[in-house]
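Q: Since chain E is already given, all that's left is putting chain S on it; use the hints.
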Amino acid sequence: MRIILDAMGGDNAPQAVVSGAVKAARELGTDIVLVGREEQVRSCLAQCGAENESRITVQNATEVITMEDEASMAWRRKKDASMTVCLNMLRDGQGDAMVSAGSTGALLSGATLVVKRIRGIRRAAMGPVIPNGGKGVLLIDCGANVECTPEYLLQFAYMGSFYMERLVGVAKPRVALLNVGTEDTKGGELQKAAFALLKAAGDAGRINFVGNAEGSDLFTGKMDVLVADGFAGNVMLKTVEGAAKFMFGQLKGILYGSTKNKLAALAIKKDLYGMKAMLDPSEMGGTAMLGISKPVIKAHGSSDDRAIFNAIRQAIACAEADVAGAIEANIEFMKLEKEN
Amino acid sequence: MVYDKIVEMICEQFGMEPDELSENTTFIEDMGIDSVDVVELVVDLETEFGLDEIPEEELKKLRTIGDLVAYVSAHSDI
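Protein chains in written order, with the numbering used here: chain E, 87 to 426; chain S, 1050 to 1127.
Hint data in this document are derived by calculation from the structure and do not stem from the laboratory. Incorrect hints may have been included.
Below, computed lysine-lysine pairings styled on DSSO-like, alpha-carbon distance capped at 27 Å [said to hold, decoys possible]: (1) K221(E) <-> K355(E); (2) K278(E) <-> K1054(S); (3) K1109(S) <-> K1054(S); (4) K1109(S) <-> K164(E); (5) K202(E) <-> K1110(S); (6) K355(E) <-> K338(E).
All of these numbers come straight from a predicted model, not from anything done at the bench.
So here's chain E without its partners, still in its complex pose (with noise of 0.2 Å):
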């Protein structure tokens, strides 16, 4: 297994990324390639004590992608940038999957461009699982298509079903699509369209649709995947980083409070810890691209070595799951002949 890895993307680039990687290389015992600008990307290394360790090596690359660059012609304006040079060793089969932390849309926009959607998905779909005490929701969209058709919802229900399946193994995932109640009538004309394909793809047997679903939903364990347009989506999923930030931030002032507060807190400190690494979206990996040819994950741009490792865990996860396949095998179930 080979992973390329964007040393140049993030907040904590090149260094953060440099450290994730020993730490895989180590760990997970995978190759990894190191892009980026050779000089800095080895003196990280040698701050890891890792200027010899035998699974990375480093191809250079002068130029950063930033979020600055527009997304749609990053990728073109820039050709010796770590990101494009990452997405061209992935299209030509240097690597098995690749990692970033830089530039969502430039990324999303580069694989799209340079490692192509698989043959008959229209849109390549961003699918974060959110913890919910369980095995967790696959949220998908959640902001690569602010507009969307039937059938990118129902193409999303498939492949958000065979990533929760494949790679989480959860057995026949139940899907659910966002709407503003569960009844089968609610919504507006996209989700009454797309809940009459996601019915039938349902009662067909090829998905496990279990109705609409409300955002309240989320956390209930109704469901393995949520299907919305990335518009809400993205609003739902920065809604629920917003209300947990607050929400930690309150208790954590109820616990230091006052003396008494303070001893409780420390009765329940590792039940704690427990639930903050739950929710912690380091531990959670990076964010998936669905639809697009071969493993493309994106990991927070804010992302510490912690989170580069679990991205990069992740990555393997995708490549050996075969997702892409999956969705290949069934492209057929997941066309409509002509969109009105």
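A: Showing chain S alone in chain E's frame:
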């Protein structure tokens, strides 16, 4: 021939029918595709017709299928 090939590629890529398209069809307004789609189409055209990479300033001028046909006809050996 260039027009037919471009229409074929658009239909394949975006799930459209040939009778929905004409030389005057615009990508963004009529076809409802976004800038990434346009670049994707252009990249495929460069490969299909053996074109050099289309410069960005030229890319921005390509608004309709007719614009694409004219560009490809002028810059390929076909």
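Q: So, for every hint listed, does it hold in this structure?
A: Right, here's what the structure says about each hint:
About 23 Å separates the Cα atoms of K221(E) and K355(E), which keeps this hinted pair within 27 Å; it holds. The straight-line distance between the Cα atoms of K278(E) and K1054(S) is roughly 36 Å, outside the 27 Å bound, and the hint therefore fails. Between the alpha carbons of K1109(S) and K1054(S) the distance comes to roughly 21 Å, so the proposed pair stays at or under 27 Å and holds. With a C-alpha separation of about 18 Å, the suggested pair K1109(S) and K164(E) falls inside the 27 Å cut-off, and the hint holds.
Between the alpha carbons of K202(E) and K1110(S) the distance comes to roughly 24 Å, so the proposed pair stays at or under 27 Å and holds. Our distance criterion of 27 Å between C-alpha atoms is met by K355(E) and K338(E), whose separation comes to about 12 Å.
Violated hints amount to a single one, hint 2; each of the other numbered hints is respected by the structure.
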